[in-house]
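**Student:** Here the protein sequences come in this chain order: A and B. Going by the UniProt record's numbering, the residue at position 105 of the first sequence is 105; the numbering climbs one at a time, nothing skipped. Going by the UniProt record's numbering, the residue at position 25 of the second sequence is 25; the numbering climbs one at a time, nothing skipped.
Some hints here could point you the wrong way.
Note: identical chains are not told apart, hence a pair may lie in one copy or across any two.
[Stated by the list, open to error] Here are the simulated lysine-lysine pairs, BS3-like style, with alpha carbons at most 30 Å apart:
| id | residue 1 | residue 2 |
| --- | --- | --- |
| 1 | 414 | 309 |
| 2 | 375 | 414 |
| 3 | 418 | 309 |
| 4 | 381 | 135 |
| 5 | 418 | 263 |
| 6 | 381 | 418 |
| 7 | 386 | 263 |
| 8 | 263 | 414 |
| 9 | 414 | 381 |
| 10 | 309 | 263 |
| 11 | 375 | 309 |
| 12 | 418 | 386 |
| 13 | 263 | 135 |
| 14 | 414 | 386 |
| 15 | 309 | 135 |
| 16 | 263 | 381 |
| 17 | 418 | 375 |
Hints were generated in silico from the structure; no laboratory data involved. Just so it is clear, the structure is predicted and the values come from calculations on it, not from any experiment.
Protein chains: 2
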Amino acid sequence: MTSVVDAPSSTFTSPARGLICRACSAEYPLAAQHACYECFGPLEVAYDEAALARVTRAQIEAGPQNIWRYAALLPAGQDPATRVTLNPGMTPLVPAPALAAALGIQAPLFIKDDSQNPTHSFKDRVVSVALTAAKELGFNRFSCASTGNLANSVAAHAARAGVPSIVFIPADLEQGKIITTAVYGGELVAIEGSYDDVNRLCSELVETDEFEDTAFVNVNVRPFYAEGSKTLGYEVAEQLGWRIPAQVVIPMASGELLTKVDKAFSELVEIGLVEAPEGGWTVFGAQSEGCNPIAVALHADTDVITPVKPTGIAKSLNIGDPAAGPYAIEAVRRTGGWMDYANDDEIRDGIRLLAETTGVFAETAGGTTVAVLKKLVASGKLDPTKETVVYNTGEGLKTLDAVAGQVGPTHTIKPSLKGAREAGLLG
Amino acid sequence: MTSVVDAPSSTFTSPARGLICRACSAEYPLAAQHACYECFGPLEVAYDEAALARVTRAQIEAGPQNIWRYAALLPAGQDPATRVTLNPGMTPLVPAPALAAALGIQAPLFIKDDSQNPTHSFKDRVVSVALTAAKELGFNRFSCASTGNLANSVAAHAARAGVPSIVFIPADLEQGKIITTAVYGGELVAIEGSYDDVNRLCSELVETDEFEDTAFVNVNVRPFYAEGSKTLGYEVAEQLGWRIPAQVVIPMASGELLTKVDKAFSELVEIGLVEAPEGGWTVFGAQSEGCNPIAVALHADTDVITPVKPTGIAKSLNIGDPAAGPYAIEAVRRTGGWMDYANDDEIRDGIRLLAETTGVFAETAGGTTVAVLKKLVASGKLDPTKETVVYNTGEGLKTLDAVAGQVGPTHTIKPSLKGAREAGLLG
Chain A
1 MTSVVDAPSS TFTSPARGLI CRACSAEYPL AAQHACYECF GPLEVAYDEA ALARVTRAQI
61 EAGPQNIWRY AALLPAGQDP ATRVTLNPGM TPLVPAPALA AALGIQAPLF IKDDSQNPTH
121 SFKDRVVSVA LTAAKELGFN RFSCASTGNL ANSVAAHAAR AGVPSIVFIP ADLEQGKIIT
181 TAVYGGELVA IEGSYDDVNR LCSELVETDE FEDTAFVNVN VRPFYAEGSK TLGYEVAEQL
241 GWRIPAQVVI PMASGELLTK VDKAFSELVE IGLVEAPEGG WTVFGAQSEG CNPIAVALHA
301 DTDVITPVKP TGIAKSLNIG DPAAGPYAIE AVRRTGGWMD YANDDEIRDG IRLLAETTGV
361 FAETAGGTTV AVLKKLVASG KLDPTKETVV YNTGEGLKTL DAVAGQVGPT HTIKPSLKGA
421 REAGLLG
Chain B
1 MTSVVDAPSS TFTSPARGLI CRACSAEYPL AAQHACYECF GPLEVAYDEA ALARVTRAQI
61 EAGPQNIWRY AALLPAGQDP ATRVTLNPGM TPLVPAPALA AALGIQAPLF IKDDSQNPTH
121 SFKDRVVSVA LTAAKELGFN RFSCASTGNL ANSVAAHAAR AGVPSIVFIP ADLEQGKIIT
181 TAVYGGELVA IEGSYDDVNR LCSELVETDE FEDTAFVNVN VRPFYAEGSK TLGYEVAEQL
241 GWRIPAQVVI PMASGELLTK VDKAFSELVE IGLVEAPEGG WTVFGAQSEG CNPIAVALHA
301 DTDVITPVKP TGIAKSLNIG DPAAGPYAIE AVRRTGGWMD YANDDEIRDG IRLLAETTGV
361 FAETAGGTTV AVLKKLVASG KLDPTKETVV YNTGEGLKTL DAVAGQVGPT HTIKPSLKGA
421 REAGLLG
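Could you put together the complete structure from these sequences and hints?
**Tutor:** Right under this line is the structure:
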């Protein structure tokens, strides 16, 4: 069980009215607290529903071209001057007709391409919200436990803000993710262990005196952090002309992204910004075979997640003990969806298929999601006649090793017409 | 001298009225032609000035959040349905107060961060315009000679559009740039030679029957391609509230980007979208020491560029025989600017300084530009009391090798509080 942390609190001018336990519904004031004092359940942000209900489409559309257009639906950052941010979001919703054709999908298919964020993953969204809250709460050092993308984002945000950072990663991360974090000049601690070891150590460090002033975005300010993922739901709905798609396919690490996209859709309906689609929406989850505890639990028709020791190339999804797993299962069951997982070869094929048909070069997480999309169509779990949005959460440049052995020059020639002719380029 | 190419022509519904020779001012209809039949000088797009003068700020501001908001100032793509594009542009103009302080600049300093384009370099702008024109001109295969970023962009655009591509690169390119191109599934031809060899071969191939239907973005449709760079001038002016900055620092490969940003500023003033700034604007150019023919010519007070055999880590700038060099020198002289160059160590330091102070991780071209900015301040060539915009044209993830040996984890520890204590993280 995660630990309960005391930390400085502050007054927010935000629609958030407090923190609420997802397990027992106990409520707490807004503060750097992530677990319930009563039952140790995880906390999430609770909102003043009247405040949310006042938000209009026009208000959002008049906002900036980034996540902060949704500030009135977020727990922090209402005043632009308070934001710690690279201004992520409003990433492209890419029509993918050639991918749809390749997979036998007859309805519109879109890629929500979150590789187009400032540090090239969806983590910029959650980090911007978490660090903005952290600053408002009085923290003066930024940190995280990371499988790589989060480390990149925290280090870059800290550099932009001029705040010291110390981030924790597994020592075996992809080189691209290590360098991209280290270049920002903060402290970077490589842990000889798995992501789950890293996460455990951070949960211990956060309780030490030396880390009292340190905001771990996914530990002590996690409730704020998690809310940033809602913007991936809001944006898709807005980009579709204020509609919710019939089906969404979402990669799962902790499972939190999936639950928050679902939450975002629910909020939009509740506060009247979109109409509930006929037949509702259906949420699908994607994992890799090397780390599939949530999907396996769903397949076994249980809520109990059995932690695994992750393997495989989809390192950004390698959370063996996924905190939001049960909530992801709940969302998938409630909406009539499904989960599946893909092995490393299928993930590589997914990266290439997505690139060849859409021009989007995804990291392994995106390859996983496309590979699972393919399986969901093949198994009949996903309806190929309904509009579908697939989330790509990261950038292929960060996981080049995954495809390095598979793609390369199709010809290598001498610099002459003779060379071109010998290579068959001139008929 | 480059060759003259005949190719299919078409009718554009664009403000462009034809092509004009930059050397002798001979005019031609809009077509896939890049050199003057009279004098073999390079051609550029000429516009109907009355059409340009009708463009308003409101019209632009009502457009999409990408380069196509400036379609009325571009030679192709006025009809959205005709565009071959990943919708690049409207990249962040990042305030850089910490970088300014580090360099002794007392006025506002901004990074125009074009690493935030779809394939993470400014090349998406020129490729979108070139391929849109190419499609209108009837070409059905897309190609280029590239130092890497252009290859990435052409291959990705072709994949999105469902058009075959064949791109040509030097065989010694960075691995990141090779994979990122190859993953899109088009033909990728590695040439055993320099970029200048690649470019020469493409100039020969374009005249063969087998390549008659192939648009080489930077050869036979080069005049259209080059116009895409103007958007980097338009955007900066718009993002500053329709003002032109006093000083800009721009990396140079062919030199074309520099000339087109200057041209964009001139156009904006001529058509009345911005007021000419008091004292005008000053343009500075940045090269690497391993490939500095334009800067060396300026320093020697000549217009004659002596080609060099490029070396050094700034491979995306390694054009030893820069086509637009004389025009870049003209723009820098006319505006009272200067050029300088940086060696590999200075480039690496530039990458790190930019990352640490702004959160922007640039490729070697961006490191070059920051390193040259530093020199320009130190030498007094750049006025530290005037507003300055520095162009970062590419993404650090594509040139990880440049800093791989320099940055990494600051600590490597066992996954325990004991490990953290031994590493000094707990005081």
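**Student:** Against each hint, give a clear statement of whether it holds in the structure.
**Tutor:** A quick look at each hint next to the structure:
1. 414 / 309: Between copies only: 17 Å across, 48 Å inside.
2. 375 / 414: Answer is neither; intra-copy 43 Å and inter-copy 39 Å both fail.
3. 418 / 309: Answer is between: at 23 Å across copies they meet the 30 Å cutoff, but 54 Å inside does not.
4. 381 / 135: Classified as neither; 44 Å inside a copy, 39 Å across copies.
5. 418 / 263: neither (61 Å within a copy, 40 Å between copies)
6. 381 / 418: neither (53 Å within a copy, 48 Å between copies)
7. 386 / 263: within (21 Å within a copy, 48 Å between copies)
8. 263 / 414: Classified as neither: same-chain Cα gap 57 Å, cross-chain 38 Å, threshold 30 Å.
9. 414 / 381: neither (51 Å within a copy, 43 Å between copies)
10. 309 / 263: Classified as within; 29 Å inside a copy, 58 Å across copies.
11. 375 / 309: within (24 Å within a copy, 51 Å between copies)
12. 418 / 386: neither (52 Å within a copy, 54 Å between copies)
13. 263 / 135: This pair counts as within: shortest intra-copy Cα distance 25 Å, inter-copy 43 Å.
14. 414 / 386: Neither, since 50 Å and 49 Å both go past 30 Å.
15. 309 / 135: For residue 309 and residue 135, the Cα distance exceeds 30 Å both inside one copy (35 Å) and across copies (51 Å).
16. 263 / 381: Only inside one copy: residue 263 and residue 381 sit 22 Å apart there, 55 Å across copies, limit 30 Å.
17. 418 / 375: Neither, since 46 Å and 45 Å both go past 30 Å.
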